[in-house]
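Peer 1: Here is how the chains run, residue by residue.
Number of protein chains: 2
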Amino acid sequence: MGRRWNGWGDESYIKEVPAHGERLIHSVIGETHALTDATLESVMAQVPASRLPAHPLVVTAAEDRVRHARGQSFPDWLAMRSGDFGVFPDGVAYPETSSQVRELLDYAVEHDVEVIPYGGGTSVAGHITPLASQRAILTIDLGRMNQLMELNEESQIATFGAGTPGPLVESQLRARGYTLGHFPQSWELSTIGGWVASRSSGQQSLRYGRIEQMFAGGRMETLLGTMDIPTIPASSAGPDMREITMGMEGRMGIFTEVKVRVTRMAEEERFFVVFMPNWQAAKTAVRELVQNKVPMSMMRVSNAKEAKTHLHLGTQEKQFKLLDRFLRLMGMGDERCMLTYGVTGTKYQNKTSLKQIRKVLKSHGGVGGPLANIMGSIWSHGRFKFPYLRETTWTRGIAVDTLETSTDWDNIDQLMADVESALETALRSDGEEVMVFTHLSHMYTQGSSIYTTYFFRCADSYEETLERWRKLKNKASSVIARGRATISHQHGVGKDHAPYLPAEKGALGMRVLNTLVQDFDPQQRMNPGTLLEKSNAGNTAEHAAKKAQQEAAESVVG
Amino acid sequence: MGRRWNGWGDESYIKEVPAHGERLIHSVIGETHALTDATLESVMAQVPASRLPAHPLVVTAAEDRVRHARGQSFPDWLAMRSGDFGVFPDGVAYPETSSQVRELLDYAVEHDVEVIPYGGGTSVAGHITPLASQRAILTIDLGRMNQLMELNEESQIATFGAGTPGPLVESQLRARGYTLGHFPQSWELSTIGGWVASRSSGQQSLRYGRIEQMFAGGRMETLLGTMDIPTIPASSAGPDMREITMGMEGRMGIFTEVKVRVTRMAEEERFFVVFMPNWQAAKTAVRELVQNKVPMSMMRVSNAKEAKTHLHLGTQEKQFKLLDRFLRLMGMGDERCMLTYGVTGTKYQNKTSLKQIRKVLKSHGGVGGPLANIMGSIWSHGRFKFPYLRETTWTRGIAVDTLETSTDWDNIDQLMADVESALETALRSDGEEVMVFTHLSHMYTQGSSIYTTYFFRCADSYEETLERWRKLKNKASSVIARGRATISHQHGVGKDHAPYLPAEKGALGMRVLNTLVQDFDPQQRMNPGTLLEKSNAGNTAEHAAKKAQQEAAESVVG
Chain D
5 MGRRWNGWGD ESYIKEVPAH GERLIHSVIG ETHALTDATL ESVMAQVPAS RLPAHPLVVT
65 AAEDRVRHAR GQSFPDWLAM RSGDFGVFPD GVAYPETSSQ VRELLDYAVE HDVEVIPYGG
125 GTSVAGHITP LASQRAILTI DLGRMNQLME LNEESQIATF GAGTPGPLVE SQLRARGYTL
185 GHFPQSWELS TIGGWVASRS SGQQSLRYGR IEQMFAGGRM ETLLGTMDIP TIPASSAGPD
245 MREITMGMEG RMGIFTEVKV RVTRMAEEER FFVVFMPNWQ AAKTAVRELV QNKVPMSMMR
305 VSNAKEAKTH LHLGTQEKQF KLLDRFLRLM GMGDERCMLT YGVTGTKYQN KTSLKQIRKV
365 LKSHGGVGGP LANIMGSIWS HGRFKFPYLR ETTWTRGIAV DTLETSTDWD NIDQLMADVE
425 SALETALRSD GEEVMVFTHL SHMYTQGSSI YTTYFFRCAD SYEETLERWR KLKNKASSVI
485 ARGRATISHQ HGVGKDHAPY LPAEKGALGM RVLNTLVQDF DPQQRMNPGT LLEKSNAGNT
545 AEHAAKKAQQ EAAESVVG
Chain E
5 MGRRWNGWGD ESYIKEVPAH GERLIHSVIG ETHALTDATL ESVMAQVPAS RLPAHPLVVT
65 AAEDRVRHAR GQSFPDWLAM RSGDFGVFPD GVAYPETSSQ VRELLDYAVE HDVEVIPYGG
125 GTSVAGHITP LASQRAILTI DLGRMNQLME LNEESQIATF GAGTPGPLVE SQLRARGYTL
185 GHFPQSWELS TIGGWVASRS SGQQSLRYGR IEQMFAGGRM ETLLGTMDIP TIPASSAGPD
245 MREITMGMEG RMGIFTEVKV RVTRMAEEER FFVVFMPNWQ AAKTAVRELV QNKVPMSMMR
305 VSNAKEAKTH LHLGTQEKQF KLLDRFLRLM GMGDERCMLT YGVTGTKYQN KTSLKQIRKV
365 LKSHGGVGGP LANIMGSIWS HGRFKFPYLR ETTWTRGIAV DTLETSTDWD NIDQLMADVE
425 SALETALRSD GEEVMVFTHL SHMYTQGSSI YTTYFFRCAD SYEETLERWR KLKNKASSVI
485 ARGRATISHQ HGVGKDHAPY LPAEKGALGM RVLNTLVQDF DPQQRMNPGT LLEKSNAGNT
545 AEHAAKKAQQ EAAESVVG
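Residue numbers (this note's numbering), protein chains in the order written: chain D, 5 to 562; chain E, 5 to 562.
Everything labelled a hint here was simulated from the structure, so no lab data went into it. Mixed in with the good hints, there may be bad ones.
As the list makes no split between identical chains, a pair holds if one copy fits it or if it spans any two.
Unchecked claim - Pairs of lysine-lysine, DSS-like flavour, derived with a Cα cap of 25 Å:
hint: 1; residue 1: Lys389; residue 2: Lys325
hint: 2; residue 1: Lys297; residue 2: Lys325
hint: 3; residue 1: Lys389; residue 2: Lys309
hint: 4; residue 1: Lys363; residue 2: Lys351
hint: 5; residue 1: Lys479; residue 2: Lys538
hint: 6; residue 1: Lys309; residue 2: Lys297
hint: 7; residue 1: Lys351; residue 2: Lys475
hint: 8; residue 1: Lys479; residue 2: Lys351
hint: 9; residue 1: Lys297; residue 2: Lys363
hint: 10; residue 1: Lys19; residue 2: Lys351
hint: 11; residue 1: Lys312; residue 2: Lys325
The task is simple: from the sequences and hints, build the whole structure.
Peer 2: Shown next as structure tokens:
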């Protein structure tokens, strides 16, 4: 596969957008015009001389530096498309062992270098984007540490190199009859070390848990030395080092080996899509199922706006009209929502789960029928393809981004409405409409994640387009920060969410994080500006934007 | 209920030991002679003048100070029985609100006082036992903060005062149709705040999880101010403050309010006991069930020695002989093990679980029949009565203690054998035999807890009896510390396990804990010596013992 240098995924894959889908978007946001993309050559020509002293593991070629300069956040996307990168790392290293990572950390200390750990480069929150610095910046790409190093079948624990991406995690396990079961939407590119470092969650978290439940131990290289976290099933002996290192996003150290709890491949896995008459019915049904502990592997509820959009983007017009007529015949009007769910286990387990699920869905007016199975299968085949949508809409001048949070059940409706409304109205003063829709996709007895997607028009320039995004992001993030919610349920903090972290953690929580980072890395050499804001950000443009975000966040906290 | 001042639980309850049970113990450890108990009056007479300045919330009466001086560890037990307490707190406060706890912390800072948080006083690892100090010591008993303060039925989150003991947690929830489902063996006395502070686990962790999975947030009063941890279902925004505060055992602060995830009372709950032909069959069966994710609420496997002992202690001789004959007819000889399990849920869920469970148990030679149900019911009625056994055996001069750990499945047999053998041989040089047996009671896909009980003879003096215990505890703890295991799966660290913590956490893990405690409490005012050893322990006798333990632990680590 050839990986796109300035967008998502495999160059050979293009996600088609049906004409009636595009018309639907335009009917909300108006006609759109594309911006011009920069070429890789023009960007490579901008790369300045490296400030890094020579080292056998460090590559300073322009293309390596361009390809490691940005992740997949919306600002990253604009940088890659406009060619206006701002900052490049001074070099990239591709270590193959923990001891080479140690060697690189020693080199960084010796030569006063900043270090950014890089997994799949899929961050949507600025984790791996370098900030301008007086010091040279080294990106450590763990992609060559991609092997299943050990599999203990009795204890069902697998050890992987931290740079192993989703497909290589699963294929190496599948060859032995096992699965990890961690399927974030970024799965094709994101890595097991990145999942741990940023606490990700996968689509089948209902069966397999979040990465927190899978992470059994491993090795982290820090500036103070190697930290080996043993695999112990559970312990009451003080706070768990797994929980303290997970989510540190490279600030305490770099994971080089990750041990995870794996599961034997299930005998059977099935996905279904049903339609629910309205939001309350859909939400109540999934809450009931998760609170009654019915074994399932995933649930997702698209609100009416998302159901409508997805049906337009996922079907041809003729198919859509047939389905729409059928659903209306069944009494499902414009308020209908879409509920996708999956069961994974033995055939017997799935059969008994399905019996319970269908009873609950039916009691809330769910309609599935023969379509449920077919649409479930379509969902499962396209489950990692959504990120490719940005590529397609971009060529039409349609910008798309997502944001996500989680909150308790009693707050779901209010927060979803507030986030959607913040986005829908954020650009009204500029005369711009925004198309917004939401789903719940990670269910807990206590609450759920909320995942919102929004389309807006590219402006006439890159700068103005970025400005539109900033308004949208700030408004929605401020709503989340004051909404009994997390600034990120599954994407991490990175640089984009760092200003909002104090609202979630509180003063003493921030003190805990700062104290640990300060102790492990007093020079702020490890991924500075990520998770915790850099005290003296060098890049002034970036700094001004941060400052504005911070003020918004503070007004929320205060 | 009148609570025993020098032992476990309700004064009116006595656990009888059948004659053939006592004979079995004596057949291993020999004839025994009881030691003489001190009276409460004689201990009260020893209590020195309080060093605490007057405060309206602080009580300095001798009986309060005696009743808060010790927990339920074996050394605590000997202290309470001999009357040789060593150190008493200088006073006890019974706050009724978070703000009163704050007030007490301010008082402690102002008057240079050490603070020990006290829940149910059930620690078996020395958490609440004061160390001798130049500073006055105040024990804060949270027992008056025992109310269900709020129940959010939609999000299934309950807020409790941190001092609420197990029975009051459950009765207040049951009145509303809910359960927490946390049932440690100490449940009758231990409190929700203590469970969180020391990361406890209950008998039905297979359904409800450990306290880590239940703890949704709450309030902790620290010397730096109040830390409110919000209820968020899940977050990728950096390390989770719940995980950082849980298990801190009072070193960072005192939990005053605890929010927990609750569950609607199940339609049905059933327990069963079956016999398995041998250890390998029993262990393999429970591993298969948990790794296949069959929904259950508890499993416990007693090894052959425990099965034999429990049947002798739990039945009359005639009953035992009938059962033994039946089992031998079924081909179950001396190697037979006992497997207790439970299902909790809707009737339909339980039916489908039981179908899967019985199939697996049968495939490994399990025998239950009509007895399974009756014995399961007997287990569930006696489930919190085991701690009363110490009271009964003590009057015969039989000392009993337990220790527990957890490890991965591939290490279970080796570690169990090593711990049992360390205990069985620990007193051989003194010509003493020890009776040892083990069960697994908390199952994870990765491994299991190991819970070992041992009986030994009281010596002719309290000092010598304590010395015997020290040898036993040190030998077994050293085996655990070098055995890919935790020094405690469910009892916490306290003071007794603190010397072994470095073997589990490693140098950098210990650095993390020390850094946080140092930042929150630079004067080591909060529960000093618990979790992390006190740098300059004052009590010389205690100190010498610790030193010996530490050296043992270090030889293990090194």
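Peer 1: Which numbered conditions among the earlier hints are violated in the structure presented, ordered from lowest to highest?
Peer 2: 2, 6, 7, 8, 10
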